[in-house]
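Engineer: All chains should be modelled from the sequences, with the hints used to inform the complete structure.
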Amino acid sequence: MTVETEKRDPGTTPLLRIDDLTRSFTRRGKPFDAVSHVNLDLDAGGFVAVVGRSGNGKSTLINMVAGLVRPTGGSVEVDGARVADLDDRGLSLLRNRTIGFVTQEQTLLGNLPVLDNVILPATFFPDTADGTGPSVGEREDGEEDGDPLVDRAMRLLERLGVDDLAGCYPRELSGGEMRRVSIARALINDPKLIIADEPTGDLDADSTTTVMRLLRERADAGAGVLMVTHDADAIGYADTVYRMDAGTLSRAWV
Amino acid sequence: MDTHVTLGGLPLANLARKPLRTMALLAVVTVLSIALFGGTMLGMNLGNGMRSMERRLGADLMVVPQNSANQAEALLTGSNSSTFYFTRDIARKVERADGIAQATEQTYISSLAAACCEEKLQIIGYDPDTDFVIAPWVASQFQGELEDGQMVAGANVNVSVDGTIELYGRSWPVVAQLANTGTGLDNSVFINQRTVPDMVEASAAVSKRVMPEEYADKAVSTVMIKVKDGYDPQTVAANIKRLDTRFADLGYVYPGGVTAATKTALDALTGYMAAFVAALWAMGVIVLLAVFAASANERKREFASLRIMGATRGMVDGVIAKEAAVIGAAGGVVGVALGALGILPFSALIGSRLQLPYLQAGPWTVIGLALLAIACSTVVGVVSSFAVMGRISRGDADIILKEGR
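Chains as they are written, first to last, in full-length UniProt numbering: chain A, 1 to 254; chain B, 1 to 405.
Simulated from the structure, these hints should not be mistaken for laboratory data. Any given hint could turn out to be false.
Stated by the list, open to error - Think about it this way: if two alpha-carbon atoms lie no more than 20 Å apart in a straight line, the pair counts; the simulated EDC-like pairs of lysine to aspartate or glutamate are:
#1 208/B / 166/B
#2 18/B / 172/A
#3 192/A / 77/A
#4 300/B / 105/A
Structural biologist: Encoded structure:
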């Protein structure tokens, strides 16, 4: 499912291909590689966890995958598209339709209630969405709103145990609740590639289980999942675990 | 039915959820809009009044009684009514001077406060047969002959529903009402010279006699003169003075000079006003830029979130621009409404306080000016937001997000 560069099969195109990816920064006048010559393939249906100490380049790596940070060298291909070659619309479309990104930071919009926060990304490119997405089960309350996006968002919120907060504003939520809403938002467009930066960082054990089961379910349904985590409970859901150390990526044996 | 949020609705949600910031920005734009709309309309109305006065002062020279020149000028430019006169024999002698192409006599009587009017009424007797100043203007509203006892009313005179004016205890039929001129003539009524004695008698019957009985049929307040080609008014005035040594003491008013003096005062006023409005706008734009820049800094996380979710730079710029446009347009509308409320109902008061000819522009001009003020307010809001757009929507979203922490 996941192979290092030297083992790559030239005949197949993985969902995510990272090739010799490097990002350099300068700190106090001294250049250093936050990410150094990283190679990684992730196929559809694969679930990769990246672990490592803080400040070792994990977030920089996944931010480059999402096109949020420009690499200094190397390349990233997502679903056959070379990220560096995409124009603003192409890159935005990739982030919106192909990638679902759960950030480490709290990035919910404070002026929108929870339900609107979850739905909003699905409205950016209305021509490219059917508005329904794959089934994530029936709503527990059995109600249907009539608006497919509302129904889908409510089902995701239900799965994550925060549907009762749909009308609340982010400032009314705890850190863990905001995290689960962010995950629902990342999944609203049924992304092929889910990138999650510490998705269980603010969660208790029960919520961690809920979230990780949902991510595993998405992987089993064919999505690729690339997760950065410190959480030992979360690592167990991954197919493969990598360790990031001083900007270099290596297979971890856990 | 789809009831969910859209990117297009996000700016309105942002404005609604930040009422303090929204109200502060609205207040700034409203002040700018009031200044632009109000200042421009005042300037325009003063200009209209000036042009109207120029049109109404068709004479090159006015010869008035001794010590009456200032009263005559005030009567032309402002709303101060007066009574002054000499006798017709003097007027006839004046009219014989060399260089006069046309001459006509007018008689001015200042009424007491009348029921019809907010201020004292200026009664102007003129000779329809020789007049070249008032008659063309009256002819635009009234084609017939002004009979004895009839009146033509100025624009500010309140005429009863039965078409009369109650003055000195008598009802005087009004045959026409003139359009607004923005000058003291709007508070005047016009009668033919033959009605002047009737008016004097009427005044004597109910209050203080406005002039002695023996002068009623021979009082002339001014001889209005149009000079022949090749003569200037000063030369004709000198010719008049040569006719009789006593004529040196008469008052000589040059309406062109009155117009020029008024124009100078008007230019100074509109110049100050334009400078004030420009300074206010410059300050307002700086304040808007500062507020937008400050709010953009505190909203970096929000805009980075949109980029992470997949919004294009254009979409983020659109959110910022739409917020600014809504504030600009709303502030523009409120400013125009307040400006209109402060100016339109008080035209007469403003004109009288400024002591300058003031003629309210027509409705289409006002509507055009209102639309212009709203458009300018909207544009200045959007342009101010441009300054912060680049900083927000360009660059790596991750770095913007870090800056926003």
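Engineer: Decide, hint by hint, whether the structure agrees.
Structural biologist: Taking the hints in turn, this is what the structure says about them:
Between the alpha carbons of residue 208/B and residue 166/B the distance comes to roughly 17 Å, so the proposed pair stays at or under 20 Å and holds. Simply put, residue 18/B and residue 172/A have alpha-carbon atoms about 16 Å apart, close enough for the 20 Å limit, and the pair holds. A C-alpha spacing of about 13 Å is found between residue 192/A and residue 77/A, which places the hinted pair at or below 20 Å, so the restraint holds. At most 20 Å may separate the alpha-carbon atoms for a hinted pair to count; residue 300/B and residue 105/A meet this at roughly 13 Å.
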